[in-house]
Amino acid sequence: MIFALRLPVLILSFFLLAGCAGKPSGGSSAAAKTSFAQDLVDKSTEALEHFLAKDKDGGIAFLIENAAGIMIFPNVAKFGFLGSFKGGSGVSLARTERGWSYPVFTAMGGGGFGLQLGIKRGPVMIIYMSRALFDDAQEGKLALDARGGFTILNVSEGQDTSSLVHGLDAYMYVDWEGFYAGASVGGVGVTVREPLMESYYGVRNVTVEEVLYEGVRVNFGADALRGLLNRTRFEEKKKDGNDVPVLGSSLG
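Numbering-wise (our numbering), the sequence shown opens with residue 16 and increments by one.
Keep in mind that a hint or two might mislead.
Stated by the list, open to error - Only pairs whose alpha carbons sit at most 16 Å apart, straight line, appear in this in silico EDC-like list of lysine to aspartate or glutamate:
| # | residue 1 | residue 2 |
| --- | --- | --- |
| 1 | Lys69 | Asp238 |
| 2 | Lys58 | Asp190 |
| 3 | Lys71 | Asp238 |
| 4 | Lys58 | Asp238 |
| 5 | Lys69 | Asp190 |
| 6 | Lys71 | Glu209 |
I should point out that these hints are in silico values taken from the structure, not numbers from a laboratory. No experiment lies behind these values; they were computed from the predicted model shown.
Throw the hints in and build the complete structure from the sequences for me.
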């Protein structure tokens, strides 16, 4: 189990060093990092709009309205030959009493072992119903595939509210493009991209808590994303004359 938890962090380091997580050219300059961070926020907003546009039965909206936190990765790549590797950069936001927070910049990475071949990529969104699980992920203590109470849904395959499983800690939505065959055993981990946070908020040693929960770090460039999350509401739909079942949340 210890190896399973450490593997995603090791693979994630490979992605960041190799530039697979979207390292901008001239990344050593604060201006380049700030520009890249804003582009990541804007693309995350577009990814959220994409998922909501495919949310025909309101399942995603329901989860967001009741969520403790969310991670959005606009473009995650997965490729493999005998082993698999996946990674990408994104943002994390927490739902607080003041509404959705400003973003923390996050990277996803992981790997697995098994017979597989191909490459696919697309947006990934993780909706956390458990505050404890969300905080663990921010602290790099979590390998998602090794944790129970977690499910993966592909929006292109169609998922309505009644198909969601009550009581799960987190839901991952994907919309993959490309070909990929095979199966693997491994984990996916996340870590905070501190240099992007420092550039985006203009403060050295900025912490996750300051951004997500204390509300003392602000960048108005993220207001479109925060506004979209704050406006997202579940609207109960009718199906064959009956109400679509509504799940209770499991906020931690």
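To see whether the hints hold, each was checked on the structure:
1. Distance check on the hinted pair: Lys69 and Asp238 sit about 23 Å apart at the alpha-carbon level, beyond 16 Å; violated.
2. Restraint check: the Cα-Cα separation between Lys58 and Asp190 comes to about 15 Å, which is no more than 16 Å; the hinted pair holds.
3. Taking the CA atoms of Lys71 and Asp238, the gap is about 25 Å. The hint is violated against a cut of 16 Å.
4. Restraint check for Lys58 and Asp238: the C-alpha separation of about 13 Å stays at or below 16 Å, so the hint holds.
5. For the hint linking Lys69 to Asp190, the alpha-carbon distance of about 10 Å falls within 16 Å, and the restraint holds.
6. Pair hint Lys71 plus Glu209 does not hold up; C-alpha atoms about 36 Å apart against a cutoff of 16 Å.
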